[in-house]
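Go ahead and model the full structure; you've got the sequences and the hints to work with.
Numbering (the working numbering), first residue to last: 1 to 404.
Rather than coming from a laboratory, the hints here were simulated on the basis of the structure. If you're wondering where the values come from, they're calculated on a predicted model, not measured in any experiment. From the three backbone atoms N, C-alpha and C, an ideal C-beta is built for every residue, glycine too.
Okay, derived cross-link-like pairs now, EDC-like style, lysine to aspartate or glutamate, Cα gap no bigger than 20 Å in a straight line:
#1 265 to 291
#2 171 to 135
#3 171 to 205
#4 199 to 291
For each label pair, taking beta carbons as the anchor points, the in silico distance ranges come out as:
#5 153 to 221: 28 to 34 Å
#6 387 to 221: 42 to 48 Å
#7 95 to 297: 47 to 53 Å
#8 151 to 187: 23 to 29 Å
#9 387 to 225: 46 to 52 Å
#10 95 to 149: 23 to 29 Å
#11 399 to 333: 19 to 25 Å
#12 188 to 354: 26 to 32 Å
#13 312 to 354: 15 to 21 Å
#14 102 to 206: 34 to 40 Å
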Amino acid sequence: MTRHLLAAACIAALAACSADTSARADAATSPAADAAPATTAPARTVALPAADGRPFVTEDVARFNEPWAMTFLPDGRLLVTEKPGALKLFDPASGRSNQIAGVPEVAYGGQGGLGDVVLHPGFADNGLVYLSYAEAGDGGAGGVVARARLQIDGDAGQLQDLAVIWRQVPKVSGQGHYAHRIAFDRDGMLWITSGERQKFDPSQDMASNLGKVIRLHDDGSVPADNPFVEQGGVAAQVWSLGHRNPLGLAFDADGRLWVHEMGPKNGDELNLIERGANYGYPIVSEGEHYDGRPIPDHATRPEFHTPAVVWTPVISPAGFVIYDGERFPDWRGSGLIGGLSSQALVRVAFDGDTAREVERYPMQTRIREVEQAPDGALWLLEDGGRGASGRMFRLVPAGSGEQP
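Take a look at the structure:
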C-alpha cells in the first residue's frame with residue numbers, strides 16, 4: 001500500500017465477513033497442516049495457466065503459515081505477516097524466508113492475530129514499519145497499530161523501538177471484525193480501518209472508534225482538521241463512521257479514498273470515503289442479519305451515504321490495490337480486490353466518484369491479499385485457513401513470453 005510513495009526507490013532496487021458469515025469467510029482458527037513457514041526455495045510452478053482466457057499466468061512462489069498481508073521493501077524483498085504472530089522477510093530471488101525478531105505478542109484466534117504491514121513514506125531514510133494486530137487486555141481484545149524501526153542485516157532482521165500508536169476502544173469479547181487495514185496517503189497521513197468487532201452499535205457511537213475509518217498523523221496524533229476533532233476523545237480520530245468490517249483501502253490517482261467492507265448476510269460494499277460521512281451500519285445495509293431479521297436499505301434513509309458498489313451474492317472482499325503499473329495496461333486505474341468466498345480476483349473500474357465491477361477472474365482458492373510490485377506484476381496471498389496452504393502467487397501477463 002506504500003507502493004506509490006516508494007516507487008522510485010523500489011524500481012531502482014528491483015532493476016536487476018460478509019464472507020465471515022461472521023464466520024463464513026474470515027474465521028480460520030488454526031493453520032493448515034501443510035502451511036509450514038517457507039524457509040527454503042520452493043518448487044516454483046505455474047499453478048493456473050491462462051488457457052481459460054485469463055489475461056495472466058499465475059506462478060506459485062512460496063508458502064506461508066496463514067499469511068495476511070505483504071509489502072515490498074526497496075531492495076525487492078517482501079515483508080509478509082503470518083496471522084499466528086510471525087513477520088517474515090522473503091527473498092523472491094532465492095525463495096528463502098527468515099523471521100523478523102521483535103514482533104509483539106498477538107491475540108491469535110478467530111479473525112485475530114498479526115494483520116497488516118506497511119512502510120512509512122520515508123522508509124528509505126527512517127526505516128519505520130507499521131503493523132496492525134489483535135491485542136488482549138481488559139474487557140477482551142482489540143486491534144492496535146504499532147510502529148517500529150526495521151533493522152536488516154543480511155538475511156536477518158529485527159524490529160526496534162516498537163510502540164503502539166493507536167488502539168481500538170473499547171476492547172470487547174469475541175474474535176471477529178478487527179479489520180485494522182492501514183495505508184498512507186500522498187500527504188503522509190496514516191489511515192486505519194476499524195471494524196465494529198461484531199458488536200453492531202459501536203459503528204454509530206462516537207465514544208468508540210469501532211466501525212470507523214481513522215485518520216492520524218504518522219506518530220498517531222490527531223490532525224487538527226479531522227471532522228470531529230472538537231468532540232475530543234476517540235471521536236477526534238474519526239474520518240467516517242457507520243462501517244462494519246472494512247478489509248481493504250486504496251487511494252486512486254486523484255487522491256480519493258476507496259474502502260471495501262464485508263457486509264452482513266449479502267450486501268458487501270465498496271465505498272468512496274468522504275469527510276465526516278456516515279455509511280449507515282447497522283441502521284441501514286443492503287444485506288440482512290444472519291438470523292434472518294431484515295435491515296432497511298440505504299434508500300430508506302437518505303441521510304446515510306450510499307455504497308458505490310454492492311455485491312449480492314457476496315464476494316467476501318479482502319486486500320485491495322488500485323493498479324498503476326505498466327505490465328497490465330488495460331488494468332491501469334482499476335481496483336483489484338481479492339475474494340475469499342468468491343475465490344476470485346475482482347476488477348473494478350472507476351469513473352470519478354462512481355465505480356462498477358467489470359471483470360472477475362476465478363482463482364480456485366480464497367484470496368486474502370493483493371499487492372502491486374514495483375515492476376508492475378501483481379502478487380497475491382492465499383488465505384491460509386479452511387485447508388488452503390497459504391501460498392504466495394505472482395501474476396504476469398499471458399503471452400508475454402516471460403518464464404516464471
